[in-house]
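There are 4 protein chains.
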Amino acid sequence: MTKVIKGGIVVTADRQVQADILIEGETIKEIGPDLKGDEYIDAEGAYVIPGGIDPHTHLEMPFMGTTAAETFETGTWAAAAGGTTMVIDFCLPGADGSIKNAINEWHRKSAPQICSDIGYHMAITGWNEQIFDEMKYAVDAGVNSFKHFMAYKGALMVEDDEMFASFSRCVELGALPMVHAENGDLVDLMQKKFLAEGKTGPEWHARSRPPEFEGEATNRAITVADAAGTPLYVVHVSCEQAHEAIRRARQKGMRVYGEPLVQFLTLDHDEYLSTDWDHSARRVMSPPFRGREFHDSLWAGLQSGSLQVVATDHCAFTTEQKRMGLNDFTKIPNGTNGLEERLAVLWTQGVETGRLTPEEFVAVTSTNIARILNIYPKKGAIMPGADADIVVWDPKISKTISASNHKSIIDYNVFEGTKVTAQARYTLSRGEVIWAWGQNSQPQPGRGRFVPRPAFNSAATALSKWKALNSPRSVQRDPLNIPAGV
Amino acid sequence: MTKVIKGGIVVTADRQVQADILIEGETIKEIGPDLKGDEYIDAEGAYVIPGGIDPHTHLEMPFMGTTAAETFETGTWAAAAGGTTMVIDFCLPGADGSIKNAINEWHRKSAPQICSDIGYHMAITGWNEQIFDEMKYAVDAGVNSFKHFMAYKGALMVEDDEMFASFSRCVELGALPMVHAENGDLVDLMQKKFLAEGKTGPEWHARSRPPEFEGEATNRAITVADAAGTPLYVVHVSCEQAHEAIRRARQKGMRVYGEPLVQFLTLDHDEYLSTDWDHSARRVMSPPFRGREFHDSLWAGLQSGSLQVVATDHCAFTTEQKRMGLNDFTKIPNGTNGLEERLAVLWTQGVETGRLTPEEFVAVTSTNIARILNIYPKKGAIMPGADADIVVWDPKISKTISASNHKSIIDYNVFEGTKVTAQARYTLSRGEVIWAWGQNSQPQPGRGRFVPRPAFNSAATALSKWKALNSPRSVQRDPLNIPAGV
Amino acid sequence: MTKVIKGGIVVTADRQVQADILIEGETIKEIGPDLKGDEYIDAEGAYVIPGGIDPHTHLEMPFMGTTAAETFETGTWAAAAGGTTMVIDFCLPGADGSIKNAINEWHRKSAPQICSDIGYHMAITGWNEQIFDEMKYAVDAGVNSFKHFMAYKGALMVEDDEMFASFSRCVELGALPMVHAENGDLVDLMQKKFLAEGKTGPEWHARSRPPEFEGEATNRAITVADAAGTPLYVVHVSCEQAHEAIRRARQKGMRVYGEPLVQFLTLDHDEYLSTDWDHSARRVMSPPFRGREFHDSLWAGLQSGSLQVVATDHCAFTTEQKRMGLNDFTKIPNGTNGLEERLAVLWTQGVETGRLTPEEFVAVTSTNIARILNIYPKKGAIMPGADADIVVWDPKISKTISASNHKSIIDYNVFEGTKVTAQARYTLSRGEVIWAWGQNSQPQPGRGRFVPRPAFNSAATALSKWKALNSPRSVQRDPLNIPAGV
Amino acid sequence: MTKVIKGGIVVTADRQVQADILIEGETIKEIGPDLKGDEYIDAEGAYVIPGGIDPHTHLEMPFMGTTAAETFETGTWAAAAGGTTMVIDFCLPGADGSIKNAINEWHRKSAPQICSDIGYHMAITGWNEQIFDEMKYAVDAGVNSFKHFMAYKGALMVEDDEMFASFSRCVELGALPMVHAENGDLVDLMQKKFLAEGKTGPEWHARSRPPEFEGEATNRAITVADAAGTPLYVVHVSCEQAHEAIRRARQKGMRVYGEPLVQFLTLDHDEYLSTDWDHSARRVMSPPFRGREFHDSLWAGLQSGSLQVVATDHCAFTTEQKRMGLNDFTKIPNGTNGLEERLAVLWTQGVETGRLTPEEFVAVTSTNIARILNIYPKKGAIMPGADADIVVWDPKISKTISASNHKSIIDYNVFEGTKVTAQARYTLSRGEVIWAWGQNSQPQPGRGRFVPRPAFNSAATALSKWKALNSPRSVQRDPLNIPAGV
Ligand SMILES: [Zn+2]
Ligand SMILES: [Zn+2]
Ligand SMILES: [Zn+2]
Ligand SMILES: [Zn+2]
Ligand SMILES: [Zn+2]
Ligand SMILES: [Zn+2]
Ligand SMILES: [Zn+2]
Ligand SMILES: [Zn+2]
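Protein chains in written order, with my numbering: chain A, 1 to 486; chain B, 1 to 486; chain C, 1 to 486; chain D, 1 to 486.
None of these hints come from the bench; they were simulated from the model. Just so we're clear, the structure is a prediction, and the values are computed from it rather than from any experiment. The reader is advised that the hints may include incorrect statements.
[What the hints assert, rightly or not] Each pair of labels, with its calculated beta carbon distance range:
| # | chain 1 | residue 1 | chain 2 | residue 2 | range |
| --- | --- | --- | --- | --- | --- |
| 1 | B | T353 | D | G154 | 33 to 43 Å |
| 2 | B | E159 | A | Q18 | 40 to 50 Å |
| 3 | B | E159 | A | A468 | 48 to 58 Å |
| 4 | D | D296 | C | P483 | 33 to 43 Å |
| 5 | D | D276 | A | P454 | 23 to 33 Å |
Using N, Cα and C, we set each Cβ at its ideal position, and we do this for glycine too.
Could you build the full structure based on these sequences and the hints that come with them?
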């Protein structure tokens, strides 16, 4: 059976064209004018874009003594409603420390629930021989990226030598290391200092992890990656300090990628100064929202290419869960929503203002991460042969974001009251319409699939070649020029 | 009749894939495995890439009292042999100052000669109402880019207010302004100073136009472009100073593009210190070759995306012509060859070293400029519907560059003796093989076509939207708050 | 007769020490504990600092069709009340273009009026042989600095080649070139554009000369200075863009100085948005006040040494005069007050906040400019032999700045309502108390003297040596290697 | 008894003046023309400058299984011959970890040996309550600076949290933290990696600690210092990466000081490629010499003020000692000579080339560090009341540096063969001539004194004020806005 998306303007990372799209089964068959098919999907007056890929979610993740409330079902359903057709979720080892078991556990949890496709990043939270060995298991299983926490001291944090070991292992495996970049030692000290001073409110969360700590850790991770000879992906870039470190590295030709969150592009740290405790606590995440003076830096990064990907770090806890930290900001579970809102907020505040071109919008929400994670053009593309993960993106549907109408499981929304001027008219996952605006779509848990990702992407391959060619040799010294005693 | 390029690895700006390419007539019909056609072109063991686009040539251009020796025929033929299937040539108004007449003159000269496709940039060398009016003619005629010389005082140079006027006109027309960025006043003063001191040799050419002058002019042009509200394309970026200005602008979200030349990526200003006058004079161009310390900066620009396009500024004069400046370096016709060598040199010193990925190589030699100049994906792409401008790029053919075996008309080669490790096995222009390695191919003058380019590319459109939304308004003052006397 | 300043903390650019100061006649004799003299000046609880030097004033200057209202008498009297004991005033050639006549005219005007010492900078507003010749006259007459306007097109503005010629002449004479750095072409275009659009209010003054225009011109002037081989002094640095250009040059070892104004460190461009026309117009100056986001940049420049001097550009017009531009912002005379307030505002917002040390306060208000202008340690120092230009600076006297209590001749104050927490208890000029807080001091016109300044300061000398040693030589070519025909 | 230094040009950090200097006992009494005294020291044709202060020496320091060969006697004697009248030596705790005992041990060793004055920096090599307590002892004993090693893992290295604790303690005590900035984890990993690969030669020393590791650690230390609210002094800055981090911090107003070594300004890492093992090993120090491309960066830092002090890290081991690392570069004792050569090399390659003014030479060799370490103007100044630590600096004495004629105890010299064009004609320590060129001067061990340094210098005081004023407050939340459960 074939479908034709009819009458829209196809926007990809490299062009805009008025064209129909013919879908056969799960993949795109043809792009061109006047295509025919068994069914038609109306795209008149709309853009037709690759489905969004959110490379940074934490669904049902056990964290800080509780578990993220957003499930694989509600999360992927909210994603679909928002125009996102794939998430890459962070997989954490359990008590046994096994990567293999963690991946299997993630499969067990996600498989029956996911409404669209999924992939994982694997977290490296320590270093030993088992981890070294099982990293290969992960790559063979289609997980080609490894996350390292430089914060959360005493819990997830790894030290520089552990990062170096893991990054070096990534080079061997052709995998991509990622970092959560904040100086965990300093955050820990600040937390203790503030608590000791009786400073317990959520505003102190932000103050315990200032931009300088993020910039420092970003710079350090880049140094480690360069020493190991690997590209690096920096998740949730929130500030100029981290962005500066990334830019500086890139100016030297280093292969470093930066991922601002849609929250960091649009929301302000003054939210933590609300006199309503719940309001502030709901916005607690790490890194925290930053001052408005950083927004321009991040937008310019997307425009100039020094930042490549807009994600969400969607890790949604209920107000009830947030209240675990009523007397102690360090106990507020870290995380906010964003998975459902990402495309609409970015379009409204990015494309509608002229900051981003429509092509850039597609690049930063879908194509770039697909290329970085080596699943392009299966994902992130509209071209013959690609998966038909497609969104009919209607720039005429306005909406005010609210917890009262969102799909997410949680009881609030950090974008509450934000007006957006575009929405997904239809969302297709592998050829199937999984969301249709105003048509009472329902989640289809279990139809999503795990998408394995091959190792050794192009940048990693080139960098390894460069490093090999530029390794120094030992000086050849005549024994006569070496003192006796050797 | 159909052709299939068989067995190669297709490399585009966004991916590599083992696939055949089916060509029907002049365009690409299909990309995929096991395609069938009337004819087969062997690409086993080779890459298959979009034909190179050199956006910066001066063929048969009248300049400095002579005319560039490379003709449209020899130039496009040399291009074909080197894997380049389209050039964008600089069109200069004649004595009458008419843009319209200049375009027609360029058509008259190029049409019977060109072996592959061509486009023009139009030079703006002064400012008056005729120019204002005829800029629209140019755009309507498919010339959507205008070049401004900030050097060559007393000849081509324009002043800041003229640039502003022209840039503003570009905004209205949706055209792209370009600059040759060197401070012409200072160059002129240095030239006079050196000549007055009896310093006449070609080494003084380079010293009369140091990197600082280029950086200054680049920065100034960016300021003018930002004031006018237009993207800007900086041709022949040779040094860190100019690159820094471009990076700094891009970091603020400005839409500035930079074009290093393959010469500037690989050749050194010490060439001007040769005790052989001819050797030095043959390398005289503006800007001149720079110190090796800048090469890394330019390569990193390509890697990080702060520079987008590698061109050649091919403007080839014979040794005889160069000798016009025997007693006065300011009379040496400015220009070098490069059109034929660009791809092979960049591949060898870029891709083979691991500096660039194959995808990046395609991006900077073809795709990026096609997008910037708004002819993508007709040109610069391998996708269904695109022109079949395709090169079968063989990474196993080694060669030493030499005037003795090049196609260019001139009697020397600035890359003389440089070893390259890849060459075009076949070059196709709109589906036709116009070059086949080792098979005694012959130029086919007149088969090339002029390719008109539409205005209002995506970046210009976005920028205009941003500028419109961010224009300030007048303060509303109550007449009571305005002093009497108004 | 001797005087002793007793009981204070002497603060110089390099140290703080509890000490008395013995003055004999016009100069300092000794610094130490328990000094005796004929008279005592009480400095208990106060700091004792070198008198302020304001290197940027325009007293009684004919400008924009009127003459600055502040006279040499009222200006130097206001200065004394504010703790400033020397001003360097800008001397402009008259209609005859003669430097010599201009200096004599300035002497004629200033001599009978000045209450404390004075020097001049000479403006270069064109280029010809007379100017070339008379620059030497100026230097011989003790004027070792020359100002160049890159703005005020059609009036004071000079072109790049004129700047180069004048800068080169400065090198020969050992004089220091200075620039008013704004791109005059672009300002002129913006003014015309806004007026043509009916935008006539004072807010459009600021918008017609954005920070980018200042940054551009600063960068250009630096390039010209580097080409000529001279240090450069950039007056009234208002923004990060100009500061960045200065920093970038200094990072390369270039000898560039930057002078933020106290207004630019503390006042905001939102003042131009006042609905009270007079309020906005009174603050019209060039460059204009900038956004608050730049204040941190300028303060940090003072802290780190990338900016060296805090001046005022005191050029005070009455409200009546400002109203010349009621229907046309380009006709509002450019200039604000500040001479009287500089020290108190800088102390309160700089030293009292911990941004600056007391030593740095002295450096940027007095010592640095004395060194740059080569009159140190006669001025700008507290050491034996130095002129006894000394201020007893009382950090306990609070005051709210107001036109109602200032000494300036004008009818408003741009710092109106600003609280300051320190004032001059006593101001001494060459050993004489010319201001005593609360003691009904009166101006003493005519007691001030012109202070000639020698040429060839230390930085200029070093730079000339460096340039001489690093000049390239011609390549020696064997005639055999030069083609026949030479 | 009085002495007069007659006929020279007195150069201080702020001026040059032809003047005599009258010395009474140990201090300077007067500076002026035609002074009389009991004795005369001829300074005709010479400069008269404050005695050099080398703030970075390791005399007789136990390190890497041996003890630095240079003794307090030979070291201070070599210093005197080279124009340096004070050293600040690094004091290391012994096995008991006691700061108090270490200081006493250093007194015990140095007192009978030193020929001129001395001070100490105290090393913090771990963290516990005893160290916390004894830091106060150190400050009370006149040691106001504490050094932290970020390298030498397993030996001297401290972690980020330990640095933060110590830096915070410094804030309380008004002391200055210093860092040896290299990422010790990464160095350690590289060392192990290279050794495991059989790479044992001294060239691998440099490669195991690349500039990036130094830049990283510098950036990290700055972040820690900023969090703690203290100025920071970075010792032995060798490269642009570290300099960049310092500049970037200073541009934000942070109080960070950088100390390049004279070796890093003039010597090249190619020395490690010598085929003579001894030659390379003798130059092993940490950080190592760097590529020539960094020299310009460091010189420009001195010119622009982003770097403030030129030191030597004099830590001299004999060839015999160096050979401890014959089979393992990690066992080569780290350190080179420089104490004797610093002034002459810096003058020759700095002042004689025009890079530095004579005043800047004095600033970076003496005055700046005296101010930073809060012993100015007792040391580092030529003014009445200052210690008569004075050098008659003769710019006419040429010399080729060689182990055959130096005063240092070691058997080679890393500057061997370097020509210098100036030498100390006389060196005075507290009024006493301790070195006279060509007059067979002899060391006078035991005449030197320990110089205690007070805490709370001006920059630290200002910074503490700024931090206190800019600390955020808790949000006041109405209990009604805090959820029940609190
Ligand atoms: Zn995270
Ligand atoms: Zn996360
Ligand atoms: Zn050009
Ligand atoms: Zn050209
Ligand atoms: Zn001005
Ligand atoms: Zn002025
Ligand atoms: Zn060290
Ligand atoms: Zn050391």
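For each hint, the structure was consulted:
A hinted range of 33 to 43 Å holds for the C-beta pair T353 (chain B) and G154 (chain D), which are about 38 Å apart. The hinted window of 40 to 50 Å between E159 (chain B) and Q18 (chain A) holds, with their beta carbons roughly 42 Å apart. Checked against the hint of 48 to 58 Å, the pair E159 (chain B) and A468 (chain A) passes, with Cβ atoms roughly 51 Å apart. A C-beta distance of roughly 38 Å is found between D296 (chain D) and P483 (chain C), which places it inside the suggested range of 33 to 43 Å.
Separated by about 50 Å at the C-beta atoms, D276 (chain D) and P454 (chain A) break the suggested range of 23 to 33 Å.
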